[in-house]
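Asks: Dock chain B against the given chain A, drawing on the hints supplied.
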Amino acid sequence: MNLAFNLLFLLSICFSFRSIAYASECAILSFKNNHLDKGSYITLIIGNNGQFVNNRKNVKSLISGDHEYKLAEGSHTLIIEQWTTSDYKKLTRKNYINEKYNITKPHQIKTIHLNVTANKKYQLLFDSNKSKVTIGEETSTSCDSNSNKLLKARVATNSEVFIDDFDLPVSLAYRLRRTMREISGYHEKKQSSYGYSNIIPLELNDYFGTVLDKKSYLNKPTFRVLSVLPYSLASQLGLASGDEIIALGNISIEDTGKHPNIVLREYFSSLKINSSMSFEIVRDGKVLILKGRYTPIIVPEYQYQVSSNLIALDKQNLLAPSVLTNSSEIPEDLKFEFKQLILAISSFFQGKEDNVDLVTLKSVARPDKRFGLVGRSFVDETVYGFKVSSIDLGSPADSLGLQKGDIVVNTAEEIAGVFNFLLFSEYLESLESGQEYSLTVKRGKQIKVLINEYHPVILPSFSVTLDLASINSAKERLSDANNLASPFSDSHEIYIRLNKRPTFKSVPKNTSGNTTTVSDKSKQSNIQN
Amino acid sequence: MHINSAHLGKELSKAERKHMQECDVCAFEHDLLAKLKYSSEEMSLETPPSFVWEGIQRSGKIPKSQRNRLWQVVTGLAATILICGLLFNNYQLQGQLEQVLLVNQSLELQIIQDSAPTFRQAKLLTKIRKIDLQLLEATVASDKLVFLKERQKLITEMVRSQKGGDYEFSI
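Note that the protein sequences, when read in sequence, are chains A and B. Residues 1 to 529 in our numbering are what the first sequence spells out, letter by letter. Residues 1001 to 1171 in our numbering are what the second sequence spells out, letter by letter.
Hints are not guaranteed to be accurate.
Ranges between beta-carbon positions, derived for each pair [what the hints assert, rightly or not]: (1) A:Asp284 to B:Leu1093: 33 to 43 Å; (2) B:Cys1084 to A:Val379: 36 to 46 Å; (3) A:Glu381 to B:Ala1078: 52 to 62 Å; (4) B:Gln1134 to A:Lys189: 21 to 31 Å; (5) A:Phe348 to B:Leu1093: 39 to 49 Å.
Keeping only pairs whose Cα atoms sit at most 20 Å apart, straight-line, the calculated DMTMM-like set for lysine to aspartate or glutamate is [stated by the list, open to error]: (6) A:Lys215 to B:Asp1143; (7) A:Lys214 to B:Asp1143; (8) A:Lys352 to B:Asp1114; (9) A:Lys220 to A:Asp284; (10) A:Lys448 to A:Asp354; (11) A:Lys152 to A:Glu25; (12) B:Lys1037 to B:Glu1011; (13) B:Lys1127 to A:Glu332; (14) A:Lys404 to B:Glu1150; (15) B:Lys1130 to A:Asp213; (16) B:Lys1130 to A:Glu332; (17) A:Lys404 to B:Glu1157; (18) A:Lys335 to B:Asp1132; (19) B:Lys1149 to A:Asp213; (20) A:Lys475 to A:Glu182; (21) B:Lys1130 to A:Glu329; (22) A:Lys339 to B:Asp1132; (23) A:Lys291 to B:Glu1157; (24) A:Lys214 to B:Glu1137; (25) A:Lys369 to A:Glu329; (26) B:Lys1127 to A:Glu25; (27) A:Lys387 to B:Glu1157; (28) B:Lys1153 to A:Asp392; (29) B:Lys1018 to B:Glu1029; (30) A:Lys339 to B:Glu1029; (31) A:Lys214 to B:Glu1098; (32) B:Lys1127 to A:Asp392; (33) A:Lys152 to A:Glu73; (34) B:Lys1130 to A:Asp392; (35) A:Lys189 to A:Asp333; (36) A:Lys258 to B:Glu1137.
Since the hints were made in silico from the structure, they are not lab data. Everything numeric in this text was worked out from a predicted model, so none of it was measured. Glycine included, C-beta positions come from ideal geometry on N, C-alpha and C.
Chain A on its own, in the form it takes in the complex (with noise of 0.2 Å):
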């Protein structure tokens, strides 16, 4: 599988310049040998928009201390590893490449993203904490474009956008918009500067969807599927809570005393890319065999952004850091749902007829207008209302104090005894922040008069940019490798196979991979009886 990976680098390298130009000036991007945490360490450039870099010929200077790379003037995406000096010498000795790659493993990795301008000179520091990267200088100096080793810079078509302009639809903009919220609330709670950045690498959605069990139908072990996750891929290939799995690509169901999930895995990892697989089940004693394409969706490199929530509306100002750094680990649940949204968005300007390769959404600060309520008309003998099903937590109607099951009878500037919902929502929207107003609650048999001063929720100012071309040459260096195995381990791992380090000789032992991802629904789930 390393192969694979090593082998697709080394043909992006061969084929994938489309986006990618000569420059004809250029800068200089520094490291000193850092000593952090009373040791010695080395940091060199494995990865520059996508391509993998040679540091072969570098290695004797890589080793004695002080080491730089051209860059050709404008936007560069690297990606930078930082080794201990012993663990580097040990990997050097090996010939630089070996399967022991897999055991011997950098001391960080950064993916950071800057702009560099041609007669510069850049030096780039690494904190001791593994979180953050800077400029620690930035001098003029000359610098000879003429040379091989010169890192291109990314020329992309980019389109950036207002999102309140432009035909995002309205729920998934305020979905970004949340999300963004909810982005910038983690790192207030991680950090205490004025504005957040963050970038995140190129990534497979590696989530299949389902989970399983053992069971049995007539006598013969099965798999029965015990949730599949809506909007999943294994929800997209036709796949249903309760069915139980005979077949995996007509091969049935073993007791072999693995996990299910684990089979589901090494079932994946022998399937080629594009090739079609095929799941054989049981419902409702029925036995129907559901097909799909095994081809992966690819998460596309994004950064963004943002401000922080707990600045005025009027002075939230997007600062461009002068380095981007992923410094920030987003929490797990977080990260699913932004990696999710990245892919509906995506999705909606693939769709689009100008092609671009990158898309730049930003907004600027607002308040929210939802007031955090879901409910439904009520009516009975004696109320006539609003019933309350769920509430947001820290919306306004959260904290007027408003609880599941309330029916809410009468605001304050209604004719008394008549409710009525567009009266209802219209003054809810007329609300401004810092007003009192008050809302009347039959709570049980009581009735309730609740009062609050109105604060909606800020929205923050953002700006999120997708690299859309990043997802086309992942897809091509994988169908380059379309005769090899499976790319699935960890997303990490992924990440590192596809973006950096090629093997020239050996063919590491473990193959095993992870799960997998199958092509859209329209082109594949195809059910037969």
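Replies: Just chain B now, with coordinates in the frame of chain A:
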């Protein structure tokens, strides 16, 4: 009237001795018993063979063995009841699991996945995924059932959120 037979073969009183001289029956019996007593005292003490003792010991354990057997029967019965109870419980759990799975299946098949989920639906998805990850780790049927029931509520909410419910509004 003869001498009390219990006295025969032993030291006799004066009156008994006088009677003995006149009664042949008593004299014969007394003489016989006296000889028997003498000969028994003359006999050596023989140790019985070990198998005899083992036989005696075995014969002495019979009642204990019966007690053990009774205990075994009681224990066995209790274990059988327990196993039956567990099997029944497991059967019931499996039945409940099947039912929950059927309901979940029906709910999952109602979810429309043509357009991207809304913010609220995305939040529900995250919660469902979290339960799925817990379900993956669960090894006991009862735990699985708990997670599946929790999951059912969220899927129901998801379906309702998509269908909009009867006059349901999100403000």
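Asks: Compare the structure with each hint and give your call.
Replies: Each hint tested on the structure:
no. : hint                              : verdict
1   : A:Asp284 to B:Leu1093: 33 to 43 Å : violated, 22 Å
2   : B:Cys1084 to A:Val379: 36 to 46 Å : violated, 52 Å
3   : A:Glu381 to B:Ala1078: 52 to 62 Å : holds, 58 Å
4   : B:Gln1134 to A:Lys189: 21 to 31 Å : holds, 24 Å
5   : A:Phe348 to B:Leu1093: 39 to 49 Å : holds, 44 Å
6   : A:Lys215 to B:Asp1143             : holds, 17 Å
7   : A:Lys214 to B:Asp1143             : holds, 15 Å
8   : A:Lys352 to B:Asp1114             : holds, 17 Å
9   : A:Lys220 to A:Asp284              : holds, 17 Å
10  : A:Lys448 to A:Asp354              : violated, 56 Å
11  : A:Lys152 to A:Glu25               : holds, 10 Å
12  : B:Lys1037 to B:Glu1011            : holds, 12 Å
13  : B:Lys1127 to A:Glu332             : holds, 12 Å
14  : A:Lys404 to B:Glu1150             : holds, 18 Å
15  : B:Lys1130 to A:Asp213             : holds, 17 Å
16  : B:Lys1130 to A:Glu332             : holds, 10 Å
17  : A:Lys404 to B:Glu1157             : holds, 14 Å
18  : A:Lys335 to B:Asp1132             : holds, 16 Å
19  : B:Lys1149 to A:Asp213             : holds, 17 Å
20  : A:Lys475 to A:Glu182              : violated, 31 Å
21  : B:Lys1130 to A:Glu329             : holds, 18 Å
22  : A:Lys339 to B:Asp1132             : holds, 18 Å
23  : A:Lys291 to B:Glu1157             : violated, 29 Å
24  : A:Lys214 to B:Glu1137             : holds, 14 Å
25  : A:Lys369 to A:Glu329              : violated, 30 Å
26  : B:Lys1127 to A:Glu25              : violated, 51 Å
27  : A:Lys387 to B:Glu1157             : holds, 16 Å
28  : B:Lys1153 to A:Asp392             : holds, 17 Å
29  : B:Lys1018 to B:Glu1029            : holds, 15 Å
30  : A:Lys339 to B:Glu1029             : violated, 118 Å
31  : A:Lys214 to B:Glu1098             : holds, 13 Å
32  : B:Lys1127 to A:Asp392             : holds, 14 Å
33  : A:Lys152 to A:Glu73               : holds, 8 Å
34  : B:Lys1130 to A:Asp392             : holds, 19 Å
35  : A:Lys189 to A:Asp333              : holds, 16 Å
36  : A:Lys258 to B:Glu1137             : holds, 14 Å
The structure fails hints 1, 2, 10, 20, 23, 25, 26, 30 (numbered hints given earlier, in ascending order).
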